[in-house]
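Turn these sequences into a full structure, and let the hints guide you.
Next come the chains, spelled out residue by residue.
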Amino acid sequence: MKIKLNIWKQANAKAKGKFEKYELDGVDTEMSFLEMLDSLNEKLIKEGKEPVAFEHDCHEAICGCCSLYINGHPHGPGSETATCQVHMRSFKDGDTITIEPWRAKGFPVLKDLMVDRNAFDKIMSAGGFVSIDAGQAPDANANLVGKIDADKAFDAAACIGCGACVAACKNSSATLFVAAKVSQLALLPQGKVEAKRRALNMVAKMDELGFGSCTNTGACEVECPKGIGIDFIAKLNREYLCASFSESE
Amino acid sequence: MSKLDAKIPEGPLAEKWSKYKATQKLVSPNNRKKLDIIVVGTGIAGAPAAASLAEMGYNVKVFCFQDSARRAHSVAAQGGINAARNNKNDGDSVDRLFYDTIKGGDFRAREANVYRLAEVSSDVIDQLTAQGVPFAREYGGTLANRTFGGVQVSRTNYAQGQTGQQILLGSYSALKRQVALGKVKMFGRQQMLDVVVIDGKARGIITRNLVTGEMERHAAHAVVLATGGYGTIYYLSTLAVQSNASAAMQAYRKGAFFGNPSFIQIHPTCIPVLNEYQSKLTLMSESLRNDGRIWVPKAEGDKRKPKDIPDEERDYFLERRYPAFGNLVPRDVASRAAKERCDNGFGVGKTGLAVYLDFRDALAKQGKKVIKGKYGNLFAMYEKITGEVPYETPMMIYPAGHYTMGGLWVDYNLQTTIPGLFAIGEANFSDHGANRLGANSLLQGAADGYFVAPYTVSNYLADEISTKVPSTDSPEFVEAENEAKAILDKFLSINGTQTASSFHKRLGHIMWTYAGMQRNEEGLKKAQELIGELKKEFWSDLKIPGKTDEINQELEKASRVADFIDLAILIVNDALNRKESCGAHFREESRSEGGEAMRIDDKYSFVAAWEYHGEEKEPKLHKEELKFENVEVKVRSYK
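Chains as they are written, first to last, in numbering that gives the first Met the number 0: chain Z, 0 to 248; chain W, 0 to 638.
Read the hints as simulated data drawn from the structure, not as lab findings. Some hints here could point you the wrong way.
[Unchecked claim] Derived DSS-like pairs (lysine-lysine); straight-line CA-CA distance at most 30 Å:
#1 LYS6(W) / LYS619(W)
#2 LYS383(W) / LYS151(Z)
#3 LYS616(W) / LYS535(W)
#4 LYS42(Z) / LYS556(W)
Small disclaimer: the values here were computed from a predicted structure and weren't measured.
As structure tokens, this is what we get:
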């Protein structure tokens, strides 16, 4: 099939970007979306033109590299799907596909469809960990973890740090990302000791880095490729409120 | 004179590591803050090593080519991580994990390293759990376990089908904590271009900042490579598309020996190649073989739908050929058995290059809910890629390139033949022999990172406490940078007609055809010829757009492909040299009457460590003879 592409091109972080139009023939429905972009780039290089910069790595929706805003949706069509799992069978002959980078103050564009998501690392450094050195760990069965809590913690921990939640949010809030980590660790006995500091510090860092506030629209939950729910935001709010009342730091 | 000394401590096997720790040289806490360490790679070996060394007080600089440390490909490991905890009261022990690993590796691994791996396995699980890794639990709150291939106990810990993600994120969070404490300095989006060796010791690296394109020089007292494996040599593999061999090849060219390069694991359960555009194959975890049964129709070319084929007309070929282990034979055995069926015309699917992995019986016995709890994400992933629902129809699977047992040769200290240059995790060759057991890769990476490198790197650094970090203006740094830059400029100046990816694809095809699941002398010689031609073409007809001083993804690819081509030559050399079958290395000339791999112990019971001798010369082979003092070396049988 033949498709039309409308792709954001931007030379670097400082340059002004704009949409470029491309046409691509011979697109097979069995191609993945990323393979379609690969074939576009092969064609552009052979024509002596500049290829489109975009990020991808594992192709299994687990590394969180891919970050395309396709036809108005982070990671394109389909629920609980990352860009690398989108196939061209979701489109039809003659379609125009618009591809943009994540748009958020916290994620500046580096080039074309690549953005800088370093802010997530900074939020993690603010408290997304358990303070335990190698060698200090007690036996893994010393602290029993109920199956329900372990499973719930896993659901939160499934976050791949792609940033779709931020891209989907009208406030560019990173609340779902923070909520997932805070909830995971608050649900486990290992994370409880530092739960209060963690909630306060991660939220403060998120605010400091220019992410907006959560107004409970739920867009993040809809677009999250791992299906992380906003019940974790409720859990974060609870953790945060309790911590605000009790922590004196 | 051979430089190969594995430095294995004296004494009984079970006491070697304790004795090492009790007698090694130490660095006092006051001196640690004067010492700098570079760690390259942030996967399940690199992140724990960097975090743990920083926790001890060293200054650590960490490099990765991704934007964030969390994206290293360990994140995609699915099934689990082994530990000899005997949680199931089913006869597991350190000795048993040691033996299973040695046998699984077809008696081509070093006993002392493997024993240490088994010894620290339980500590690894404790450490990860303490970091908040949500391992699967029983209702009573204790760790849940499952079984992997090649063993008869349940010792695998897991977090659904995302174990790698969970434990990597645990290590990543430890790393982020050290970043916050100022002990780790993180350098993301940096591609390593060379190791800098001064007076015979590794003293730093050259990198390219992938955002600005600037070359950078970084100096330290020691360099730890945790840069993973090179399964992407086949182009289509289960690895992330950017996984590469470049750091290992740079070390090799600087004098680090390369161990057993031809030992590459082909994973039996991957989604088959679907079309010619494909850039990546997807693994379906080995854990699925706990409940899935592998079969093909008994009749050649049977085109009926799988559900229409009655049981008596199905050939459960693994259960038939290997009754003791059944569907849970090791990966190399399962892969070859599937290939054998398909080569003889019994394969299924459009291409005939697939076999069924069927959950019908498990679903009937355990119910959909239980199966979903164990493999939900894998079933969903399969459905997204193929459009078929494994709850209703069997999966179709076929082997694909996966894990590299080969890697930089290291001694018991995990130090390469360049003093001060360490290689950990999949980047080294050490623990898996000729075939890796399932759920041992996460274990080895994490064990090296958390509990081995912190001791052995300290042992090395104890003699470096009065050494100043060399100036990055020293001639060795300048020269290394100039050479690296010259190669990048060369890529851009060729201005030919073919893209880096197209070369990679062709290289992968050559390697899969002649140096894949089965190898023979004639094919390997053919591969040598074809790779030689491809190399010439690469350096004369490559087309790389853009410049060096900007984000240039094609330039990054070109560096990787150039190194893959050189590594392919080395792999083929090694495969030609080893005229026996062992583990994943199957030489058609060396098989038993039953068609199984046949080792030739009196000739090939050694690690092949290759030394670089310049572009134009053949590499030199050094042999580390393997001594088995604690196990009886016998024919590996899973029947």
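Structure-based check of all given hints:
no.	hint	result
1	LYS6(W) / LYS619(W)	holds (21 Å)
2	LYS383(W) / LYS151(Z)	holds (24 Å)
3	LYS616(W) / LYS535(W)	holds (16 Å)
4	LYS42(Z) / LYS556(W)	holds (16 Å)
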